[in-house]
Amino acid sequence: MTVIAYFGGRVRALVSGRLRWVLAALCTLVVGIALGHATGSNQTRLAQRIEQLQGALDSQRDQVAASEAEAHRVLQAMTLKLAELQARALRLDAVGERIVEQAGLDREAFGFDRPPAVGGPEDATDTVVPPAEITRLFGDISAQFDEREHQLLLLNGLIEDRNLDRQSSVAGRPVASGWVSSEYGYRMDPFNGRRAWHGGIDFAGPEGSRVVAVAAGIVTRAGLERGYGNMVEIDHGDGLVTRYGHNRENRVAVGDLVKKGDVVALMGKTGRASGPHVHFEVTKDGHSMNPARYIHRVIQ
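Numbering (the numbering used here) for the sequence shown: 98 to 397.
There may be inaccurate statements among the hints.
To be verified - List of simulated lysine-lysine pairs, BS3-like, C-alpha gap at most 27 Å:
#1 K356 <-> K381
#2 K366 <-> K356
#3 K357 <-> K381
Note that these hints are calculated values from the structure, not bench results.
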């Protein structure tokens with residue numbers, strides 16, 4: 098910019114130089130203000146951006162912490178559920194083994210003491226099962242355990258009832274070996290030759306042979322009885338009583354509980370007997386019964 102003055106060249110030059118300096122200073126000031134404003138604005142935006150990023154980072158950290166806490170909770174719940182299922186599996190194995198034993202089944206065929214054999218073709222797909230699906234699967238398995246446990250307990254109860262029926266039902270022979278030497282009914286008395294009533298079946302065999310209970314019950318008499326010699330009487334309930342006479346030795350006492358097949362005496366010839374044998378009687382509500390119907394009885 099040029100200022101024209103007519104006061105002389107020297108004055109003109111001085112005025113023009115001062116103006117240039119003023120203009121230069123003004124420009125510098127304006128530029129500085131503009132730059133300062135721009136710089137301050139940029140710093141403000143940068144600070145705001147940093148604050149936004151910090152907030153997002155804090156939010157992500159909170160989400161990660163919440164996810165870790167939820168994963169820990171789910172894992173703990175699954176661990177407890179797995180422990181419960183393992184305990185129930187052991188209980189079911191115990192019930193299964195008892196059923197196999199009571200039913201007389203082959204233990205190796207069921208193998209309750211071994212893990213089940215599993216397998217199948219390899220699947221190349223590696224799919225991650227979500228926790229919700231795992232929780233549902235645990236629920237399904239638990240429900241299956243409930244059903245199987247109920248079924249096994251019912252089956253066990255039925256087998257126990259059947260075994261109880263077998264134990265308490267009068268059936269079978271009172272000796273493991275031997276032969277029938279006298280039937281039930283009228284016969285010729287071996288001592289006087291007269292026709293006489295015989296209220297039992299005689300099983301002859303080697304003296305000292307084992308005499309066994311034909312059913313579970315309680316011993317109500319054990320000792321010397323007229324005509325019977327050493328005799329054992331067992332009450333089986335429901336009005337059924339069995340007697341085992343002419344024993345060389347009684348192996349039980351009054352009040353003893355016996356199971357089917359327990360040895361109650363040794364075969365002998367005490368009392369009114371011509372040789373070693375066991376006199377076997379059955380009474381029902383005090384009335385004499387033919388032992389043959391019980392000897393040949395089959396318990397289902």
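We went through each hint and held it up to the structure:
1. K356 <-> K381: Roughly 19 Å separates the two Cα atoms, so the pair holds.
2. K366 <-> K356: holds (25 Å)
3. K357 <-> K381: holds (18 Å)
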